[in-house]
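Enquirer: Heads up: the protein sequence lines correspond to chains A and B, in order. Quick note on numbering: the first sequence equals residues 1 to 332 in the UniProt record's numbering. Quick note on numbering: the second sequence equals residues 1 to 332 in the UniProt record's numbering.
These are calculated hints, taken from the structure and not from any lab test. Heads up, some of the hints might be wrong.
Since the list can't tell identical chains apart, any single copy or any two copies may satisfy a pair.
[Claimed, not checked] Below, computed lysine-lysine pairings styled on BS3-like, alpha-carbon distance capped at 27 Å:
id, residue 1, residue 2
1, Lys208, Lys102
2, Lys52, Lys23
3, Lys102, Lys11
4, Lys52, Lys30
5, Lys131, Lys52
There are 2 protein chains.
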Amino acid sequence: MAANNLPKAVKRRINALKQLQVKCAHIEAKFYEEVHDLERKYAALYQPFFEKRQSIVGGEVEPTDAECEWHSETEEEEKLAEDMKKKAVLAEKEPANEGHYKGVPDFWFTIFRNVDMLSELVQEYDEPILKHLQDIRVKFSDPGQPMSFTLEFHFEPNDYFTNSVLTKTYKMKSEPDPSDPFSFEGPEIVDCEGCTIEWKKGKNVTVKIIKKKQKHKGRGTVRTITKQVPSDSFFNFFSPIKVSGAGETLDEDSEFTLATDFEIGHFFRERIVPRAVLYFTGEAIEDEDNFEEGEEGEEEEMEGDEDGEDEEDAERDLKPKDSGQPAECKQQ
Amino acid sequence: MAANNLPKAVKRRINALKQLQVKCAHIEAKFYEEVHDLERKYAALYQPFFEKRQSIVGGEVEPTDAECEWHSETEEEEKLAEDMKKKAVLAEKEPANEGHYKGVPDFWFTIFRNVDMLSELVQEYDEPILKHLQDIRVKFSDPGQPMSFTLEFHFEPNDYFTNSVLTKTYKMKSEPDPSDPFSFEGPEIVDCEGCTIEWKKGKNVTVKIIKKKQKHKGRGTVRTITKQVPSDSFFNFFSPIKVSGAGETLDEDSEFTLATDFEIGHFFRERIVPRAVLYFTGEAIEDEDNFEEGEEGEEEEMEGDEDGEDEEDAERDLKPKDSGQPAECKQQ
Numbered sequence: 001m002a003a004n005n006l007p008k009a010v011k012r013r014i015n016a017l018k019q020l021q022v023k024c025a026h027i028e029a030k031f032y033e034e035v036h037d038l039e040r041k042y043a044a045l046y047q048p049f050f051e052k053r054q055s056i057v058g059g060e061v062e063p064t065d066a067e068c069e070w071h072s073e074t075e076e077e078e079k080l081a082e083d084m085k086k087k088a089v090l091a092e093k094e095p096a097n098e099g100h101y102k103g104v105p106d107f108w109f110t111i112f113r114n115v116d117m118l119s120e121l122v123q124e125y126d127e128p129i130l131k132h133l134q135d136i137r138v139k140f141s142d143p144g145q146p147m148s149f150t151l152e153f154h155f156e157p158n159d160y161f162t163n164s165v166l167t168k169t170y171k172m173k174s175e176p177d178p179s180d181p182f183s184f185e186g187p188e189i190v191d192c193e194g195c196t197i198e199w200k201k202g203k204n205v206t207v208k209i210i211k212k213k214q215k216h217k218g219r220g221t222v223r224t225i226t227k228q229v230p231s232d233s234f235f236n237f238f239s240p241i242k243v244s245g246a247g248e249t250l251d252e253d254s255e256f257t258l259a260t261d262f263e264i265g266h267f268f269r270e271r272i273v274p275r276a277v278l279y280f281t282g283e284a285i286e287d288e289d290n291f292e293e294g295e296e297g298e299e300e301e302m303e304g305d306e307d308g309e310d311e312e313d314a315e316r317d318l319k320p321k322d323s324g325q326p327a328e329c330k331q332q
Numbered sequence: 001m002a003a004n005n006l007p008k009a010v011k012r013r014i015n016a017l018k019q020l021q022v023k024c025a026h027i028e029a030k031f032y033e034e035v036h037d038l039e040r041k042y043a044a045l046y047q048p049f050f051e052k053r054q055s056i057v058g059g060e061v062e063p064t065d066a067e068c069e070w071h072s073e074t075e076e077e078e079k080l081a082e083d084m085k086k087k088a089v090l091a092e093k094e095p096a097n098e099g100h101y102k103g104v105p106d107f108w109f110t111i112f113r114n115v116d117m118l119s120e121l122v123q124e125y126d127e128p129i130l131k132h133l134q135d136i137r138v139k140f141s142d143p144g145q146p147m148s149f150t151l152e153f154h155f156e157p158n159d160y161f162t163n164s165v166l167t168k169t170y171k172m173k174s175e176p177d178p179s180d181p182f183s184f185e186g187p188e189i190v191d192c193e194g195c196t197i198e199w200k201k202g203k204n205v206t207v208k209i210i211k212k213k214q215k216h217k218g219r220g221t222v223r224t225i226t227k228q229v230p231s232d233s234f235f236n237f238f239s240p241i242k243v244s245g246a247g248e249t250l251d252e253d254s255e256f257t258l259a260t261d262f263e264i265g266h267f268f269r270e271r272i273v274p275r276a277v278l279y280f281t282g283e284a285i286e287d288e289d290n291f292e293e294g295e296e297g298e299e300e301e302m303e304g305d306e307d308g309e310d311e312e313d314a315e316r317d318l319k320p321k322d323s324g325q326p327a328e329c330k331q332q
C-alpha cells in the first residue's frame with residue numbers, strides 16, 4: 001500500500017512499530033500455550049462423559065429411562081405416525097431380537113461413513129476391520145513436554161491385527177516463525193507419527209500381493225515370485241509421510257497428502273471425538289452444512305472449514321465467534 | 001443419517017449419548033469463559049506495547065535507531081534502487097521538512113482506507129473527521145461481569161464533536177442455547193451498544209438537512225421548513241440497531257446490517273487493534289489474501305473469513321490451526 005512512498009522519518013517509525021508487533025507475536029504464543037494448558041485441564045473434565053459414552057456404545061451399561069429422555073420435532077412426528085399406524089391396526093411388531101442389540105452397533109464405523117473426509121479414505125476391505133473400532137480417544141502431551149496430541153483408536157480383538165490400540169501423534173509448534181513472525185496465528189500441526197500395525201498373516205490391507213513370472217537366465221526355467229505393492233487403505237493413516245527430515249523438501253503431492261492428513265488429525269481431535277454422537281446421527285453435519293452447494297459445503301466442513309453457512313443464516317451471522325474457540329483448519 | 005431406522009433399544013441409547021453431549025456443551029462453555037479470562041490477562045500484557053505504539057504514532061516518542069532496525073527484501077531493493085539513482089546523479093533531495101512529520105500521520109485513517117470492510121462505510125465527509133482518530137483500544141468486561149468488550153475510539157480535539165472518546169460495546173453470550181445446545185461453538189456477540197456523539201453545530205454528518213416548503217391552510221402563505229433525514233456515515237457505527245428488544249424480530253435487512261456490525265466489531269478487536277501496523281502497511285492484508293480472486297478474497301478476509309488461501313499454499317495447508325486461536329466471524 002502507500003507505505004512505500006512514506007518519508008524516511010515515518011518509515012523509520014513504522015519499523016519501530018513492526019518491532020513492537022513482533023514482541024506482541026511472542027506474547028501471543030504464550031497465550032496459546034496457556035490455552036493449551038486449559039484444554040488439557042478440560043480434557044480431564046470431559047473424560048468421565050467420554051467413558052460413559054463408550055460404556056453405552058459398547059453395551060456394558062444400559063442407560064436409565066431418565067438418562068434416555070429426549071425431545072425433538074422428528075420424534076414427535078414419529079410418535080404421531082406410529083399412533084396413526086396403531087389406529088389403522090397396522091402396528092408393526094418390534095423385531096423379536098429388539099432387546100438383543102448390544103450397545104450401539106457400528107457406532108464409530110457409521111461415523112466414518114457419515115464424514116466425507118473419512119469415508120473417502122475407507123476402502124471396501126477396510127470396512128470389516130473398522131467394525132471392530134470401539135473408541136477413539138485424544139491424549140494431550142504432558143505439561144512441560146513439547147506440544148502434541150495423540151489419537152488412540154481402540155479396537156476389540158479381531159482377525160486382522162494384534163494391536164488393541166492404533167495411535168497417531170500430531171506434533172505442534174506454538175511460536176512465531178522468525179522469518180515470518182506476522183503470519184503466526186497460534187499452534188500449528190507441524191509433524192505426525194503413526195504406529196506399526198501388527199497385521200495377522202495375509203490380512204494386511206495396506207499392501208497388495210502381485211505375482212510375477214521370472215525366467216532363470218541359465219536354465220531358462222520359469223518361476224513365479226510374489227511381490228508386495230502398496231494399496232489404498234484407511235490404515236495408511238498410521239504410516240504417514242515424514243516431514244521431519246529437515247532440508248529436503250516434499251513434492252506438491254506429498255505436501256497435499258500431508259496437509260490433508262493434518263486436517264484429518266485436527267478434525268478428529270476438534271470435532272469427531274468431542275461430538276461423536278452428532279456425527280453418528282448426522283446432526284453435526286447437517287447443522288454445519290448450510291451451503292447452497294450441499295455436498296461441496298459439507299466437504300469443506302469436513303475439512304474443518306468453518307464458514308459453512310450462507311447469508312440467509314442470520315441466526316449465526318448475528319453471532320461472530322469469540323477468541324479461544326476451536327479454530328478450523330484452513331482450506332480453500 | 002441412518003439413525004432414524006434404528007431399533008428402539010438403540011435409539012434409546014443414542015438419546016442417552018445426546019444427554020451426555022449436552023453436558024459436555026456446558027463444560028465447553030466454562031472452558032470458553034476461562035479462555036476469556038486468559039484474554040483479559042493477556043490484554044494487560046499487550047497494553048504497554050499498544051501504549052508505546054500510540055506514543056510513536058502520535059509523535060510523543062521518537063524511537064531509537066536500535067528500535068527502528070528492520071530488514072525486508074523490499075527494503076533491500078529500495079536501497080539498491082537508491083544507489084543506482086545516486087550513481088546516475090539523480091539523487092532526489094529529501095523534502096526539507098523531512099524531519100518535521102509528527103509521528104505517523106493519518107495512521108488510523110490509512111487503516112480505515114486499507115481495510116475494505118471499513119472503507120465501505122467511510123463517506124467522503126467522514127474522512128476529515130477520521131483524520132483526528134488517534135487510537136483504538138479494546139477494553140474487556142471486568143471479571144464476574146457479563147462477558148463483553150468495548151471498542152474505544154480516541155480522537156484529538158476537533159471541530160466536529162466534543163467527545164474525546166467514542167465507544168461501542170459488544171455484549172457476548174457463552175452458554176449453549178437450550179433449544180439448540182449442539183450449535184454452541186463458544187462465546188458469541190449477541191448485542192451491541194453505541195454512544196451519543198456530541199456533534200458541534202451543523203457538523204453532524206449522520207444527518208442531512210433538507211428544505212421543505214409548507215403552505216399555510218388558512219392564509220395560504222408559504223414557509224420553508226428544514227427537516228433532518230439520516231445520512232450514510234461511518235459514524236452511524238455508534239448508533240446501531242437494537243436487538244435487545246426481545247420478542248419482536250428484525251427484518252432481513254436489519255439482521256444483515258447487525259450481522260455486519262458484529263463482524264466489524266469482532267474484526268476491530270481480533271485483528272485491527274492487535275495488528276494495526278500490518279493493516280497500515282497492508283502486510284496483514286497481503287499475507288492473508290492469497291486468493292486467486294484477489295479483491296474478492298481480500299474482501300472476504302476483511303469480513304474476518306479466515307480461509308483466504310488456495311490449495312497451492314502448502315506452507316499454511318500444512319499447518320491446521322490449533323484450538324484457542326482467534327476464531328473468525330462466519331460469512332459466506
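Enquirer: Next step is simple, just say for each hint if it's right about the structure.
Expert: Here is how each hint holds up against the structure:
1. Lys208 / Lys102: neither (34 Å within a copy, 72 Å between copies)
2. Lys52 / Lys23: between (45 Å within a copy, 12 Å between copies)
3. Lys102 / Lys11: between (70 Å within a copy, 12 Å between copies)
4. Lys52 / Lys30: between (34 Å within a copy, 20 Å between copies)
5. Lys131 / Lys52: Classified as within: same-chain Cα gap 20 Å, cross-chain 60 Å, threshold 27 Å.
Hint compliance for this structure: hint 1 alone is broken.
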